[in-house]
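Colleague: Start from the sequences, fold in the hints, and give me the full structure.
Just so you know, the protein sequences line up as chains A and B, in that order. Going by our numbering, the letters in the first sequence line up with residues 134 to 466, in that order. Going by our numbering, the letters in the second sequence line up with residues 54 to 325, in that order.
Among the hints, erroneous ones may be present.
As the list claims (entries may be wrong) - Straight-line Cα separation of at most 30 Å, DSS-like style, residue types lysine-lysine; simulated pairs:
| no. | chain 1 | residue 1 | chain 2 | residue 2 |
| --- | --- | --- | --- | --- |
| 1 | B | Lys144 | B | Lys306 |
| 2 | B | Lys193 | A | Lys136 |
| 3 | B | Lys144 | B | Lys185 |
| 4 | B | Lys185 | B | Lys165 |
| 5 | A | Lys412 | B | Lys180 |
| 6 | B | Lys144 | B | Lys165 |
| 7 | A | Lys412 | B | Lys306 |
| 8 | B | Lys70 | A | Lys274 |
| 9 | B | Lys144 | A | Lys274 |
Keep in mind the hints are simulated off the structure, nothing from the lab.
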Amino acid sequence: MNKLLLTLMALLLLVLISALAGLNFGPADLSYSQVFQCLTGNCADQISQMVVWQVRIPRVLVALVAGMGLAIAGAILQNTTRNPLADPYLFGIVSGAGLGATIANLSLESIGLGDQLNIALPLAAFLGALFAITIVIFIAKVLQQMEQLLLAGVAVSFMLGSVTQFILYFGDPFATNRVIFWLMGSLSRVEMNNFYVIASVLMVTIVAIIALHRQIDALLLGDESAASLGVNVDQLRLLMLGLCAALSATIVAYCGGIGFVGLMIPHIIRQVIGVTTLKLVMGSALIGGSFLIWVDIIARSALADAEIPIGIITSALGSIFFLFIMIRTRNTH
Amino acid sequence: MSLQLQVNQLSWQINDKIILNNITFNVSKGEVIGIIGPNGAGKTSLLHCITNQQQKIKSTQLTGNIHLNNKIITQYSAKALALHFAHVAQKSAAIFSLSVIDIVKMGLLPHKSLFAVENDHDRQQIKLALTKVGLAHAEKMDYNQLSGGEQQRVLIARALVQQAQILILDEPTNHLDVYYQHQILNLISQLNITVIMTVHDLNLASQYCQRLLLLDHGQLIADGSPEEVLTEALLCQIFRLPCAVTKDVLNQKPRVFFSLPAQQTSNLNGAN
Numbered sequence: 134m135n136k137l138l139l140t141l142m143a144l145l146l147l148v149l150i151s152a153l154a155g156l157n158f159g160p161a162d163l164s165y166s167q168v169f170q171c172l173t174g175n176c177a178d179q180i181s182q183m184v185v186w187q188v189r190i191p192r193v194l195v196a197l198v199a200g201m202g203l204a205i206a207g208a209i210l211q212n213t214t215r216n217p218l219a220d221p222y223l224f225g226i227v228s229g230a231g232l233g234a235t236i237a238n239l240s241l242e243s244i245g246l247g248d249q250l251n252i253a254l255p256l257a258a259f260l261g262a263l264f265a266i267t268i269v270i271f272i273a274k275v276l277q278q279m280e281q282l283l284l285a286g287v288a289v290s291f292m293l294g295s296v297t298q299f300i301l302y303f304g305d306p307f308a309t310n311r312v313i314f315w316l317m318g319s320l321s322r323v324e325m326n327n328f329y330v331i332a333s334v335l336m337v338t339i340v341a342i343i344a345l346h347r348q349i350d351a352l353l354l355g356d357e358s359a360a361s362l363g364v365n366v367d368q369l370r371l372l373m374l375g376l377c378a379a380l381s382a383t384i385v386a387y388c389g390g391i392g393f394v395g396l397m398i399p400h401i402i403r404q405v406i407g408v409t410t411l412k413l414v415m416g417s418a419l420i421g422g423s424f425l426i427w428v429d430i431i432a433r434s435a436l437a438d439a440e441i442p443i444g445i446i447t448s449a450l451g452s453i454f455f456l457f458i459m460i461r462t463r464n465t466h
Numbered sequence: 054m055s056l057q058l059q060v061n062q063l064s065w066q067i068n069d070k071i072i073l074n075n076i077t078f079n080v081s082k083g084e085v086i087g088i089i090g091p092n093g094a095g096k097t098s099l100l101h102c103i104t105n106q107q108q109k110i111k112s113t114q115l116t117g118n119i120h121l122n123n124k125i126i127t128q129y130s131a132k133a134l135a136l137h138f139a140h141v142a143q144k145s146a147a148i149f150s151l152s153v154i155d156i157v158k159m160g161l162l163p164h165k166s167l168f169a170v171e172n173d174h175d176r177q178q179i180k181l182a183l184t185k186v187g188l189a190h191a192e193k194m195d196y197n198q199l200s201g202g203e204q205q206r207v208l209i210a211r212a213l214v215q216q217a218q219i220l221i222l223d224e225p226t227n228h229l230d231v232y233y234q235h236q237i238l239n240l241i242s243q244l245n246i247t248v249i250m251t252v253h254d255l256n257l258a259s260q261y262c263q264r265l266l267l268l269d270h271g272q273l274i275a276d277g278s279p280e281e282v283l284t285e286a287l288l289c290q291i292f293r294l295p296c297a298v299t300k301d302v303l304n305q306k307p308r309v310f311f312s313l314p315a316q317q318t319s320n321l322n323g324a325n
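Modeller: Here you go:
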């Protein structure tokens, strides 16, 4: 227990250090002391005040909660479906969001409401993601095979992806560009409001997980075993899937597509901290949050005069990570 | 002994297939009951009905009733049933590297409200259960790395933490070697709670169960002590093999021998 507490404290410290590092990176040339002064309310000038409070703090906070949320959603989906490869993205959430964003982009543009896109795009993406997950659950329900959720998710993902590509192919090139860039994921346009929304959904999810962690753990030994302990297996799985879908849909709506976080982070935590739900979720939240802050730092500072979309970096790191895991597993056998 | 479970004219049908046919028996507190019979006789199905786990199956038709402590079983919530029955399945594989203690802890689930945390009493219960099954040293070990016998003991420890009144086991000695078969059954028979289990090995059933229920084609053929149920005539008829029943020299319980019909002429002819 003490070892666990120590590890969590160390991870908390990592989050803090990552956040401070995140605040110090950016195009505006601010020293550590200037940033610190602004944080304590003694800003030297208005510009640095604006940079710190309106650009960097929202960005770091959104990176933190988005990383936490994606990692938690991955951890919970993996434990509830007993599938180590489950990830919010495999349930059609991103392709649904992509379709929503595409429709919003093209239709608002054509009726002359293009300036409303700031609000409409996240909303449409969120609705698209929920639409996708509803179809996935519906298919699994009709087939009466809740354990086939993941396969249904992959099928829906491809289906919606092809609809999106069809629309984009015949659509306006500018709108197409916008959707494609949005799908690559970025934190460059986030605001403080986005943080509040994501953090609220995250809080609800965490409270539900704390309440139901024993039930989720019971699933790890099979549905029948969980049912014999009094767990309503289908109901629990549906509730958790719904919460994870809402959480990832909210994140995708504001930040675009950020892959691999939900797949990679819980995998690391299982090796380091443990496999039971509470340990896994706490560890995943802290590592996931720090991870995305650092990825965003790389996204902002790797190129001299441009940002790299954050989803490109997470996907690149994720694929390297998986090759590394494969090689390590082969060597240990 | 007070009556704990009453099964009354229980029949179960899935589509047109009869799974269980008009089964009636009672269980008193503290009895160790073995359900025996050939493959497909309905042994595991009977366990599913007793624990009310059969409703998930489609096109199912159940008649008759089961009373648990004088109340119909379908009136219990899933959580309340988990306080009465602890179920040890034939084989439970863990996904991810669950430790022994992670699994034993699951037994706390029916006793805990949503936000309740683990207390000293719970930890004591877990320790006690692990000591009882002889795994106190192994609490941090990876469940999937344990032998079949040790895994069964972990699941029994979980059932002990669950503190249910009736322990339900489906083939607890499957895949176990002779040593573990006896170790597990000996452990189970000394727990001092009601036990209902399916057993394939008739001699193990004879040795460790106070009472046997013999099933065939969904029907309850015999119900009684091992001496009453394990008779040559009955076993030959049900298992369709020549058989002889003697007394075990070590424990004086009935001991059953089967042989293939081709060998019938040699020494088991008299059994028919």
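Colleague: Hints first: check each against the structure and report whether it holds.
Modeller: Taking the hints in turn, this is what the structure says about them:
no.: 1; hint: B:Lys144 x B:Lys306; result: holds, 29 Å
no.: 2; hint: B:Lys193 x A:Lys136; result: holds, 14 Å
no.: 3; hint: B:Lys144 x B:Lys185; result: holds, 21 Å
no.: 4; hint: B:Lys185 x B:Lys165; result: holds, 23 Å
no.: 5; hint: A:Lys412 x B:Lys180; result: holds, 21 Å
no.: 6; hint: B:Lys144 x B:Lys165; result: holds, 26 Å
no.: 7; hint: A:Lys412 x B:Lys306; result: violated, 50 Å
no.: 8; hint: B:Lys70 x A:Lys274; result: holds, 25 Å
no.: 9; hint: B:Lys144 x A:Lys274; result: holds, 27 Å
Of the numbered hints stated above, the single one contradicted by the structure is hint 7.
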